[in-house]
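K.L.:
Take these sequences, add in the hints, and give me the full structure.
Take a look at the letters that make up each chain.
2 protein chains.
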Amino acid sequence: MNANTNTNINYQAIAKELAGMETISDRDRLTKLSLDYYHFSPILTEQLQDKRGELAIFPTTEEEIVRVAHTCVKHKIPLTVRGAGTGNYGQCIPLQGGIILDTAKMNQIKWLKPGIACVQPGVKMAAFDKKAREIGWELRMAPSTYRTASIGGFISGGSAGMGSVNYGQISDRGNLRRVRIVTLEAQPQVMELSGDEVQKVLHAYGTTGIITELEIALAPAYPWQEVIVVFADFMTAAKFGQALSDSNGIVKKLVSIHAAPITRYFAALQNYLPEGKHCALLMVSEYDFAPLQDLVREYQGEITYSKSASEAIKGTSLLEFTWNHTTLHARNVDSNLTYLQTFYFTLDRLEQLYQQAGDEIMIHLEFLRAGNKAVPAGLQLIRYTTEARLNEIIRNHESQGAFIANPHVYTIEDGGNKQIDPQKVAFKQKVDPYGLLNPGKMRGFSK
Amino acid sequence: MNANTNTNINYQAIAKELAGMETISDRDRLTKLSLDYYHFSPILTEQLQDKRGELAIFPTTEEEIVRVAHTCVKHKIPLTVRGAGTGNYGQCIPLQGGIILDTAKMNQIKWLKPGIACVQPGVKMAAFDKKAREIGWELRMAPSTYRTASIGGFISGGSAGMGSVNYGQISDRGNLRRVRIVTLEAQPQVMELSGDEVQKVLHAYGTTGIITELEIALAPAYPWQEVIVVFADFMTAAKFGQALSDSNGIVKKLVSIHAAPITRYFAALQNYLPEGKHCALLMVSEYDFAPLQDLVREYQGEITYSKSASEAIKGTSLLEFTWNHTTLHARNVDSNLTYLQTFYFTLDRLEQLYQQAGDEIMIHLEFLRAGNKAVPAGLQLIRYTTEARLNEIIRNHESQGAFIANPHVYTIEDGGNKQIDPQKVAFKQKVDPYGLLNPGKMRGFSK
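Respectively, the protein sequence lines represent chains A and B. Using this note's numbering, you'd call the opening residue of the first sequence number 1 and step up by one each time. Using this note's numbering, you'd call the opening residue of the second sequence number 448 and step up by one each time.
Honestly, the hints are just simulated from the structure, not real lab data. Heads up, some of the hints might be wrong.
Pairs of lysine to any residue, SDA-like flavour, derived with a Cα cap of 20 Å [what the hints assert, rightly or not]:
#: 1; chain 1: A; residue 1: Lys-113; chain 2: B; residue 2: Ala-668
#: 2; chain 1: A; residue 1: Lys-373; chain 2: B; residue 2: Gly-583
#: 3; chain 1: A; residue 1: Lys-131; chain 2: B; residue 2: Gly-583
#: 4; chain 1: B; residue 1: Lys-560; chain 2: A; residue 2: Pro-223
#: 5; chain 1: A; residue 1: Lys-51; chain 2: A; residue 2: Ile-24
#: 6; chain 1: A; residue 1: Lys-314; chain 2: A; residue 2: Ala-127
#: 7; chain 1: B; residue 1: Lys-754; chain 2: A; residue 2: Gly-115
#: 8; chain 1: A; residue 1: Lys-113; chain 2: B; residue 2: Gly-583
#: 9; chain 1: A; residue 1: Lys-105; chain 2: A; residue 2: Thr-61
#: 10; chain 1: B; residue 1: Lys-577; chain 2: B; residue 2: Pro-670
#: 11; chain 1: A; residue 1: Lys-239; chain 2: B; residue 2: Gly-818
#: 12; chain 1: B; residue 1: Lys-820; chain 2: A; residue 2: Leu-30
#: 13; chain 1: B; residue 1: Lys-560; chain 2: A; residue 2: Ser-308
#: 14; chain 1: A; residue 1: Lys-113; chain 2: B; residue 2: Arg-580
#: 15; chain 1: A; residue 1: Lys-130; chain 2: A; residue 2: Lys-32
#: 16; chain 1: A; residue 1: Lys-16; chain 2: A; residue 2: Leu-30
#: 17; chain 1: A; residue 1: Lys-113; chain 2: B; residue 2: Ala-737
#: 18; chain 1: A; residue 1: Lys-239; chain 2: B; residue 2: Asn-819
#: 19; chain 1: A; residue 1: Lys-32; chain 2: A; residue 2: Thr-61
#: 20; chain 1: A; residue 1: Lys-239; chain 2: B; residue 2: Ala-668
#: 21; chain 1: B; residue 1: Lys-560; chain 2: A; residue 2: Pro-220
#: 22; chain 1: A; residue 1: Lys-113; chain 2: A; residue 2: Pro-220
#: 23; chain 1: B; residue 1: Lys-578; chain 2: A; residue 2: Pro-220
Covered stretches of chain A, going by a simulated chain B footprint (3 or more residues, C-beta under 8 Å) [to be verified]:
#: 24; stretch: 190–201
#: 25; stretch: 370–377
Here are some chain A residues pointing at chain B (derived, C-beta under 8 Å) [to be verified]:
#: 26; residue: Gly-115
#: 27; residue: Pro-220
#: 28; residue: Ser-247
Built from N, CA and C at the ideal position, the CB exists for glycine as well.
P.N.:
So this is what it looks like as structure tokens:
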């Protein structure tokens, strides 16, 4: 517990101070509202499993959030903002207790126009898309937790997902346009950041202000056909994934390549995944299915599953087997599995690391546009033994030139960013001078 | 004149044989219908200026085209298909006289659906887009001759243009879906090619069949804002062009960078082009204008012109100053200018060649997606002196690792392709065994 935060709080009194807002202080429910999918990591499990907030609060308006901010500053109470709790790095786990501000009831779409929308942070991604598609648009990108994840949570704790093969990451200029935040200054205030300024709150785990509104760029909505292609050889599947990602004439949204035996973990898809074969799980424009078939032929793949957008929407989307949902399905079968996040950069390096993988590492690739190219991000499944061995695997990847965004750490800097962002830190000094917002997550910050 | 074609034709009799179709045999009108914008090249001018067809014919249906094919085969008459004549390499100039088949009256949109359309070859590109935008779609790419060019002509003789920064070239798998052609076999027949098979007629200058119908993939239509940005330094402008092309979060359609003093040739834009400054001519999604402004700021550019899509449509589009329209404007001022087409591949190589350019070479860059990257294609203006000097310039570029698609040659192979395509040649052997279709343009073919 940090010395500067007040450990001697009467949360019943605080709940009264915040009367008019729904609060929860029931221990079991607080447990649920304190955690996320950190348990994909045995290391984070050990570090975070006993962390709990003391009071959860569900504001419905920006005015109410300002009231919460005032209360937290007045009593020096830590405040951790929560979306849908679908993160994997303990992004929303309160390290120092305090108040959990759940954004679930800040779920209004303020406006929705061609190309751009303005939403409150608690809007669920799939629910948003349902509305947006009525006018021909959809989210530019979304994670595999799309059905339950909130837009504010994704912007604060996510990075990429389906759609990233076109639009890159949330941090790519243009994807997030404007945010409105409440600060935790001595006199909390409402502030707007637009343009490049939004980087200060992007993927900041809620340490640099409480988001009350976001303006996000949209993509034209296509009818996305969902397709499984199987391949006899993993590297052929990987090369197919790269070729599809690079196919300028084929519009796609998801390119996800899985090495056997990962395919065994996809119980619902077993009819389409012959034993020992490697697979591609795809979303492509229905209009571009014909040229996709030509590409599949070129790479000697076999299409075993193909659903039109209207069929696909009735069942489980292939999205739910990709990105970190792969880990979820695998852990349902074998809870000893964990994962890594890797940029291989080149297919040659991928091949080299694939040949070294043995039984311990099972590779799947999620293609996204990073800088000027489409690249495969590896979210390998790892048969976990010890932390020392996991770190050895990481070092082995790094020594061969791969980049690991370590998902077994809970600070912003130790994960994908690798370095302290002085802009974010300086901004936090200003908007959260007492260090109350999600304390302990921004390593570069000190009060 | 080729020995295998009949030089002793009575074209009045032929016109009678084709009764029911409009024909033209007036010498002045035939001259216009025989030529294209080959005169951008002093070398092609010398080689092609006296080439003329003997009879032009304007069929309106596929059945009529089959009749023309029968007649040509029967009498062994050369047949050259013509779109709008906006090409630059003499693609549609009849080297051996004969019949000119003008597709202007084959101008029906057969059907138009989200994502895909089916058109006759003579449909004008801008006219098509006007219809397609009514349902929210547009052409994936189009040349600077967009207002007058025909779709069939672009597929047969073009390669890239605005939109290519997203969808690559016409030859990228998926952009052209299906073609219907009439062959010049002993018994002419109608044939359909789909998928990868379409490569046999793509950019083949009409040597491998007479196109009667094309199925083309479309792009979602955005309101395209037209923007001019000026820069003090050319390489900064070039880097800005690359950065915009690589900006995953900014939707664009045209990224065209012009070194001073090219800007002087754009008479209509003089108010927006300060003397000595270099410029970017852009089309970006109106919805993404804000992040474009941030990018402009990063590269210390200055926006001097910005028109919304609805304003832009009233005047001359910036498209009409880019790609090979740059050459057109420059030659209106100085008819001694010609041009080259260059892939620099890297900005380092571009810089090196820019520093060597002197007064003789003025560079403009048109960004397009080629393979897995956005790259600048240079369409340099050249102050022409002699053919020997032009070839020396070409060799100098090539020796430094640039690729020149020579626009001063009239065969398919000597231009961009650089090699004989055995597939195209074999296909021509089958569909045009007498070598009647645009004879002399496919170097790899012999009867």
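K.L.:
All the hints need checking, so say for each whether the structure fits it.
P.N.:
Each hint tested on the structure:
Proximity of Lys-113 (chain A) to Ala-668 (chain B) is assessed by CA-CA distance (about 15 Å); at most 20 Å being required, the pair is judged to hold. For the hint pairing Lys-373 (chain A) with Gly-583 (chain B), the CA-to-CA distance comes to about 28 Å; that exceeds 20 Å, so the pair is violated. Straight-line distance between C-alpha atoms of Lys-131 (chain A) and Gly-583 (chain B) comes to about 18 Å, which keeps the hinted pair within the 20 Å bound. The straight-line distance between the Cα atoms of Lys-560 (chain B) and Pro-223 (chain A) is roughly 13 Å, inside the 20 Å bound, and the hint therefore holds.
Taken as a hint, the Lys-51 (chain A) and Ile-24 (chain A) pair is honoured in the structure, with Cα atoms around 16 Å apart against an allowance of 20 Å. A C-alpha spacing of about 15 Å is found between Lys-314 (chain A) and Ala-127 (chain A), which places the hinted pair at or below 20 Å, so the restraint holds. Restraint check: the Cα-Cα separation between Lys-754 (chain B) and Gly-115 (chain A) comes to about 18 Å, which is no more than 20 Å; the hinted pair holds. Restraint check: the Cα-Cα separation between Lys-113 (chain A) and Gly-583 (chain B) comes to about 15 Å, which is no more than 20 Å; the hinted pair holds.
Taking the CA atoms of Lys-105 (chain A) and Thr-61 (chain A), the gap is about 8 Å. The hint holds against a cut of 20 Å. Restraint check for Lys-577 (chain B) and Pro-670 (chain B): the C-alpha separation of about 13 Å stays at or below 20 Å, so the hint holds. A C-alpha spacing of about 14 Å is found between Lys-239 (chain A) and Gly-818 (chain B), which places the hinted pair at or below 20 Å, so the restraint holds. The suggested pairing of Lys-820 (chain B) with Leu-30 (chain A) is violated, with an alpha-carbon distance near 49 Å, which exceeds 20 Å.
Distance restraint check for Lys-560 (chain B) and Ser-308 (chain A): the Cα-Cα separation of roughly 17 Å lies within the 20 Å cut-off, and the hinted pair is therefore satisfied. Note on Lys-113 (chain A) and Arg-580 (chain B): the hinted pairing holds, with a Cα-Cα distance of about 18 Å set against a maximum of 20 Å. Between Lys-130 (chain A) and Lys-32 (chain A) the CA atoms are separated by roughly 28 Å; this puts the pair beyond 20 Å, and the hint is violated. With a C-alpha separation of about 18 Å, the suggested pairing of Lys-16 (chain A) with Leu-30 (chain A) holds against the 20 Å cut-off.
In summary, the hint linking Lys-113 (chain A) to Ala-737 (chain B) is supported, as the alpha carbons are separated by about 15 Å, within the 20 Å threshold. The hinted pair formed by Lys-239 (chain A) and Asn-819 (chain B) meets the criterion: a straight-line CA distance of about 13 Å does not exceed 20 Å. Distance check on the hinted pair: Lys-32 (chain A) and Thr-61 (chain A) sit about 23 Å apart at the alpha-carbon level, beyond 20 Å; violated. With a CA separation close to 31 Å, the supplied pair Lys-239 (chain A) and Ala-668 (chain B) exceeds the 20 Å bound.
Distance restraint check for Lys-560 (chain B) and Pro-220 (chain A): the Cα-Cα separation of roughly 16 Å lies within the 20 Å cut-off, and the hinted pair is therefore satisfied. Of the supplied pair hints, the one linking Lys-113 (chain A) and Pro-220 (chain A) holds, its CA atoms being roughly 11 Å apart against a limit of 20 Å. Distance restraint check for Lys-578 (chain B) and Pro-220 (chain A): the Cα-Cα separation of roughly 19 Å lies within the 20 Å cut-off, and the hinted pair is therefore satisfied. A count of 3 residues in the stretch 190–201 of chain A with a Cβ less than 8 Å from any Cβ of chain B is obtained; the coverage claim is therefore met, three being the minimum.
Using a Cβ-Cβ cut-off of 8 Å, 4 residues of the stretch 370–377 of chain A lie near chain B, which meets the minimum of three, so the contact claim holds. For the restraint placing Gly-115 (chain A) at the interface with chain B, the shortest Cβ-Cβ distance is roughly 3 Å, inside the 8 Å limit, so the hint holds. Against a cut-off of 8 Å between C-beta atoms, the interface hint on Pro-220 (chain A) holds, since the closest Cβ of chain B lies about 4 Å away. The interface hint given for Ser-247 (chain A) holds, since its Cβ lies 6 Å from the closest Cβ of chain B, which is under the 8 Å cut-off.
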